[in-house]
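Participant: Assemble the whole structure, with the sequences as input and the hints as a guide.
Chains as they are written, first to last, in my numbering: chain A, 12 to 320; chain B, 3 to 282; chain C, 76 to 417.
Treat the hints with care, as some may be off.
In the BS3-like style, the derived pairs of lysine-lysine whose C-alpha atoms are separated by at most 27 Å in a straight line are [as the list claims (entries may be wrong)]:
| id | chain 1 | residue 1 | chain 2 | residue 2 |
| --- | --- | --- | --- | --- |
| 1 | B | K8 | A | K119 |
| 2 | A | K229 | B | K8 |
| 3 | A | K229 | A | K119 |
| 4 | C | K188 | C | K176 |
Residues of chain B placed beyond 10 Å of chain A at every Cβ, according to the derived structure [stated by the list, open to error]:
| id | residue |
| --- | --- |
| 5 | L44 |
| 6 | T70 |
| 7 | K168 |
| 8 | V205 |
| 9 | A254 |
Source of the hints: derived by calculation from the structure; they are not laboratory data.
For glycine and all other residues, C-beta sits at the position ideal for the given N, C-alpha and C.
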Amino acid sequence: MTGQDDGGGIRDRAGTLAVLMIAPAIAYIVAMIGVPLLLAINYSLSDATTGDPVHHYAGLVNYRSALADPVFRLALKNTFVFALVSQSIVIVLSRVLASALSMPFRGKWAVRFLIMLPWTAPIALGAIGWLWMYDSIYSPFDWLYRRAGLLGKPGDPFGPMTNIYWLGRPTLAMASVVIVHVWRLLPLATVIQLAGLSAIPGEILEAAEIDGARGWRKAAWITIPLTLPIIGIAFLFGIIFTFTDMTIVYILTRGGPVNATQVLATWTFFKGIEGGDLAQGAAISLFMVPVLAGIAALLLRMARRAEVT
Amino acid sequence: MAGIRKTARRATLYGRLSAFVVFSAFPFYWMVIATFKRDHDLYAPANNPFVFNEPPTLDHLRTLLFDTHFLTYLGNTFRVGLAVSAITLLLAVPAAYSLARWAKRWGEALGIGIFLTYLVPSTILFLPLSRFTAGWGLQNSLWSLILVYPTFTVPFCTWLLMGFFKAIPRDIEEQAMVDGLSRLGALVRVVLPLSISGLLTVVVFSFTLSMHEFIYALTFISDSAAKTVSIGVPTELVRGDVFQWGPLMAGALIASIPVAVVYTFFLDRFVSGFTMGAVK
Amino acid sequence: MARVEVRGLSKRFGGFQALDEVGLTAREGEFLVLLGPSGCGKTTLLRLIAGIEEPSRGEVLIDGRVVNDVPPRLRNVAMVFQSYALYPHMTVRENIGFPLKMHHIPKAAAAGKVEEAAGMFGIGGLLDRRPRELSGGERQRVALARAVVRNPSVFLLDEPLSNLDAKLRVSAREELRRFQRRIGVTTIYVTHDQVEAMGLGDRIVVMNRGSIRQVGEPREIYERPADTFVAGFIGSPPMNLVEQGDRLVGFRPERFLPAALTPKADAVAWSFDVTWVEDLGAERLVYGTLGGKASEGRVVSRIPASVPIAIEAGRAYPFSVDRVDLRWFDRATGLRTEGGAP
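Facilitator: Right, dumping it as structure tokens:
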């Protein structure tokens, strides 16, 4: 035996080690997530600006003025519209894509790689690609429509102008943003659903086929009910990612045209950073909290249920 | 009859897959075309935009690599990614192990609590954190990013690693303790070597997420020499309001593809974190 | 070689009392078997001795020294887990050499010891393989070799044979016993398999619900169970227990035979209503109930194939037990009481 090692040291004491080892992570999370969150609440109740961050208590005035601002109300509405519309589309498409990807076929890795690109590549760069595709003059969509005789001459269904101006008209700009959100989140939802599909025991599927369920009937009665929790999780994460996202709107439209695509995240940035009104910005960003808290609660419940089974 | 039905099913499958591949990958195809297209061809509304109407060129690549800070952005991104990975490992590995092994009832709850902090979005935190970095004099410094990025890597990676550690049989650690190691020694000498793939996942995840990050970088960094790829390409390759589409697309493409390849390899492991145990 | 002793040892896991005031001594060089159903606390006791768990109360002593605060690595014990717990990222050689390396044994000496231990278990040819390339029996040998390599003073074995197939288990049992006799290290062996316990143990400790019910040599445990739990747990099929007044009378199935086979003078006779007969080849198991003055206990008789008497289900036969083979238990406490029939 090693004489001087009496085993009384800290490296043998599980209780002490357990606390010591988790402490740094907790400290970091408290300092860099907890404190800033409280600070944001504090700002929102004050009159702080980036030029004069020494703040005085101002009550709910920032929330009131945010709610009185039509741009804020539009941003709030847009945030919900973008998240809900894009994720409803994503759930349907990812279901179809996941069942296609779960079949055996050649070149799967390449197909998977290409389909995952929108999620695996940095979103700012992907969005720049879309910006170029939505270009007011060189958009390839416009070229296709002109070629097809749908655009560019008087009487054409898409109008007499040579271009559609995807990001220049409010409704189209919103649709364009939704499309990019769908594009971005589809891969994540698909792989989550694939994980769910692959977890269904093969015997259940075989039994269902013996019982005569195929195609959409198998989907409706077997696979979709069995993977419902997973579908829910994919949907909730998708909502979180679109609800809090600022990159796509910032790069595509900066909230334009005339704030038509503004969302809470971008409006926070423009007010709080570019406008220097910390208090107002913080108040705007905190309007995201109730939705996030609700989703967190739902995810918790799902995790609990998964634990029980 | 059965043969025809089978062929039809195959055709539907391939049709669907092709449609999705086009949808997902077209923007990147669009980047490839712009990267190698001559300006004269690129900016001609009548030309077929999907093909090269004139011979391809390397001019845009040359501009990107030698006339812009693109290589600096890549270097910055790499440095930030490396530092963030290191910090994430240092914080998440002990925390995850502690939660997975020693914490009894409160372990799972604390683990889920840590995971939930991952849901606090950067779009709320960036305002107060911008005051932090300003207060520490880190504006326009890569250190601001290195300090802040673990806010989204540590919670998720702790959660992921908890799963990895729980999958290692306790017996093996206990055996190591009987064989002559302390509890800490068993972690370092036996558990970590067995979780190499988990540690690698954490590194890849920290790296790719750092590379993807946009909002903090946009808020904290305005000096073009300190920008990362994610903000350098969209903000610096624009002169006034004139977009230099050729170099811009080249930059987006070059920065996207390698990280996408690595990410794809590890995707399934990240998903196991997202599914929160609903899929075993 | 060492004496292992536990005093007043208790262990709680949350609200579950895994061990309750257990006291026990394993003598030097003894092969002591802890036997009991799952959840009886036998593995917990082993882990407390190893130092992997900390006791809630009580003391663990090795060679008279209290080792409660000594971590496992310094107790000089070796353990073999049910799963064998081989390090999957190391070769067999590295696995066996690991305890030596951790105790800073010089490389040259360690290499020799590894070869020797491997030779002892006939796995010298597998030293460069990895655990996943080995069969179950080979893994078990590696785990044993790793346990002996640094001459521990105590061996702790947690169901080391339960992952082997039935045939291999018999030969492994024999090997294990021979090997322990040769090196003479105090061994504590946990199992839920009474055949293993009977075949291996110098003494057997029967446990249930966190406490010890009986400690004794195999024959003693079998012949003179301390209470109805031990009587019902040991033996297959277990001892018949039949209510008689405020007591229970117990007798082994192989002692409960057709009356023609037992001497009349000292036998207690019953009329046995047979409900079912199983012919297992070497023996017959006859199930049924006792008529007459005894209450309606279900009992079983085990008749060797050498007894040619025909027995059919649905009929009654005279059966009897030699009086010396009857055991009496208190109905309320379950404890065995001395004395004969009322």
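Participant: If a hint holds in the structure, say so; if it does not, say that too.
Facilitator: So, going through the hints one by one against the coordinates:
no., hint, verdict
1, B:K8 / A:K119, "19 Å, holds"
2, A:K229 / B:K8, "18 Å, holds"
3, A:K229 / A:K119, "24 Å, holds"
4, C:K188 / C:K176, "11 Å, holds"
5, L44, "7 Å, violated"
6, T70, "14 Å, holds"
7, K168, "13 Å, holds"
8, V205, "16 Å, holds"
9, A254, "4 Å, violated"
Consistency note: the structure conflicts with the earlier hints numbered 5, 9.
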